[in-house]
Amino acid sequence: MSAHYPAEDTARRNRRTALILALVAAAFMIGFVLKIWLK
Amino acid sequence: MEAAHAHGHAHGHDDHAHHPYGIMRWVTTTNHKDIGTMYLWFSFAMFLVGGVMAMVIRAELFQPGLQVVNPDFFNQMTTLHGLIMVFGAIMPAFVGFANWQIPMMIGAPDMAFPRLNNLSFWLLPPAALLLVVSLFVPGGGASAGWTLYAPLSVQLGMGMDLTIFAIHILGMSSILGSINIITTILNMRAPGMTMMKLPLFVWTWLITAYLLVAVMPVLAGAVTMILTDRHFGTHFFNAAGGGDPVLYQHIFWFFGHPEVYIIAIPAFGVVSQVIPAFSRKPLFGYTSMVYATASIAVLSFIVWAHHMYTVGMPVVGQLFFMYATTLIAVPTGVKVFNWVATMYKGSLTFETPMLFACGFLFLFTMGGFTGLVLSITPVDVQLHDTYYVVAHFHYVMVAGALFSALAGIYFWLPKWTGRMYNETLGKVHFWLSFVFFNVTFFPQHFLGMAGMPRRIPDYALQFADFNMLSSFGAFGFGLSQLLFLYVVVKTITSGEKAPQRPWEGADTLEWTQLPSPPPYHSFETPPVVK
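Those protein sequences? They're chains Z and H, same order as listed. Using my numbering, the first residue of the first sequence is number 1, and each one after it goes up by one. Using my numbering, the first residue of the second sequence is number 1, and each one after it goes up by one.
Bound conformation, chain H alone:
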């Protein structure tokens, strides 16, 4: 049996909410719920910062010609928008979910390493500060794109150094967080909570954390090599010195493709909790879901060069990466089938979390299909670096990861805060997000197929109409998220009291065993899972 044996009597934890007050509570906290809350608020703040950058991009692209910003600043915006959304917004959001949910779902009192957990969080604000401050140093922020390709990243100004240090710190935070999560899941489960009884959200995080431990050090190595190329006379990526810029792309994407799944897999986990709850049925094909998730994770290591079809590689290499990439559609298809099969003949209701989960299911599948299109080498050679790619990954990242995170927040907000959100406003938020998202990104498929390149502040006249539509949608999408902030704040301040289990179909430990909100320290005595 994995779970710790209950023995001995610990010393005085009778005061359940004994902690400092004010700012020191948050600075010194080792409580998984506090840290989860901080991750989620931090992520939302970064989401707004990255969102403002997206608005700058779309304002510039509203009409052809240079309108709002100069081209170099435009490139800094696309670079920082990508870095901040990936590392500052989406990843911390799911780590926030992990912190709140994993201990409650497995019946543990806290994470395995609470102080390490505090450090993992508090590494983030300085890293975010470095990224934002990089805009104001001589030469401005990094403008090489979020992939920081050499040789451009070797040549840029001081903003690039700050970006490299920010990535070091973010990577450190992710690795420490992952070690904590894996250890917690492997060692801290309640008696009876066997691996194949874990809620799927916990499984997805276990797999994600393994991915992070494997690939974040590779990214750290890659950006360190850029740093030494810049300042210490090495020539890893400098062809004139015997190095190879394409090598950087290989290393980056060895990190970068698993990174896509680091973002997507916890999103799968959230949806796998939400859909059964609102279908009032157990998840269809639990075991196949676990194996499909693990298969996706393994496959994600052997597909990286599909991002690089156009750099030149042997046909055998192109074929290998093409087949390996299309192979990912199999386990992904299993998951989509299982989610739909869970809903089939279920007693369905469509509260806000379920709406976002269905939005995820529909739009993520579309993003997956365009991914399949892009995996075909000869097609990708045409579409590489066009807006088709931008449309594709925003369907995966926004309608996939962000919608899933929003589903999760509406789903667990009553548990976390003890208060219900306003259902009408939640539904309005969903529909505004759903419509404006598609208005923003669907036309970008057409722009890409017509040949509009990405990361360019100006464009030919024939792209004007779709760009204007896309910018209109983006402003609408951005404004809709302020409604989300309002809904959350209103819930916390004046929401109606939530029952222990507001969703009758939700059956994991946090709903069945803990009140809403749960006590500051939960499961000090482990529950026994039958």
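Same shape as in the complex, but just chain Z:
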């Protein structure tokens, strides 16, 4: 048997998904702190 994936395109898509999610997480944290800071 051989490993068919993560194939290149899946790996690239995985990295893109992770980046988007990390940005969402960062936005939530920074958004909340800023909202309170600028109150």
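Treat the hints as calculated values from the structure; they're not laboratory data. Treat the hints with care, as some may be off.
[To be verified] Chain H side only, calculated, beta carbon under 10 Å to chain Z, not exhaustive:
hint : residue
1    : Ala112
2    : Phe113
3    : Leu116
4    : Ser178
5    : Ala209
6    : Ala214
7    : Val215
8    : Gly221
9    : Met225
10   : Phe236
11   : Ile251
12   : Phe254
[To be verified] Computed footprint of chain H on chain Z, listed as stretches where at least three residues anywhere in the stretch have a Cβ under 8 Å from a Cβ of chain H:
hint : stretch
13   : 8-14
14   : 17-27
[To be verified] Take a look, some chain H residues computed to stay more than 10 Å from chain Z by CB distance:
hint : residue
15   : Gly51
16   : Trp146
17   : Gly157
18   : Pro282
19   : Thr310
20   : Thr326
21   : Pro331
22   : Thr365
23   : Val381
24   : Met420
25   : Thr508
Where is the CB? At the ideal position from N, CA and C, for every residue including glycine.
Fit chain H to the supplied structure of chain Z, relying on the hints for placement.
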């Protein structure tokens, strides 16, 4: 089609169990099964640590008056019991399930980011160590309750700083784990495994992981603000400096209420696998289950202030949060209806996993009903901070989440280990847990309605009888869990060999496609799902 296309030939993964041996296997592993196993053992260890703290609490409350510990240490016990059980025991247990099951259920070879997965796990032990060590620093551990309310948390000693760092690390672990889980589910499904064919356990984890990505950073922000208030001269939560302690409560519960569902939703997922398997019927209303779970997740963002009815808020605010909270009963009702309808006219058998699932169904529904009682503002004003609340959330957390986790462990243990557990001992474990759980927590409803406050080491004489009963039940419940440890160890060391599919009603990929135990690397060639 979502799944990766099979192309090319990778290089030599013919040796299926090629990995270092001894301790380095576990330190360096990137294998989802190894990491899942570590999560589950870690969670059990934390369950025992948090359980010992619960025993200290119940020993102190066995009789009125101060008996065993001083009040400050009692508060440290309630705080750490909560933090350790939520972040150290229940959440890692379900992440352990996710690691083991998601790749096998969707036909993927592993998680999307195996090394990140290793990091997510290995962040946990240092965080747990910080929490436990905080008990031994000057001033002792955090004693502000697991919610770490300001201004108390701003004033406490060094143990609070360690707790804050522990939460940072735990939050980091959860966010990384969630990113991994979402990416795996979205991108790594086998050909033919469309979203609406996903096993419900996978759906519940997808939704949970989105919740985690949204709210863990908010908690991290909140505790960081406490840290800066403590050491860097800010006044976020200090009224004397223009801040507002109630603000902390809003931020905390914006995290804290979705957190309840972060724990409950994967528990729903496990039960949604177990009940159909032992009813020998497909899950009733699969699509409505998916939408109900998503609705619960969305609603969980707009109900946070029901934890704060007594801090003072406009009537319009109280009404909004009351109605929004009662609204959650609708999708939850859909789920309970569907589980019961799955059992209706099924060919039912009651092996241990099914017993725990039925225990979950019955007791979680009770916890849900008391939640509905507490959602009513004028009632909550009476019951706020009483033992009624303690009873309510232990019905949700213990009989809900823990029973579901135990159902899942008995259900998948034959798959994971390749060995069957002892059915008689499993059933004894269930009945001991079920009876002692109710002996512990049912009387606490009465205590709460009679006005006994939570987080207090002493109480008035009229509460003595129910407290003694509750402590008796707690010791019994704690001891029963040692039987569980024995059953699991005995299964691993000397259980009878399990067939590929010991439960004839179980029909997800890990049962139909993989032997028990599954090979170290499974689904290197993706299965085609029809």
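* To do: List, from low to high, the hint numbers that the structure doesn't satisfy.
  => none
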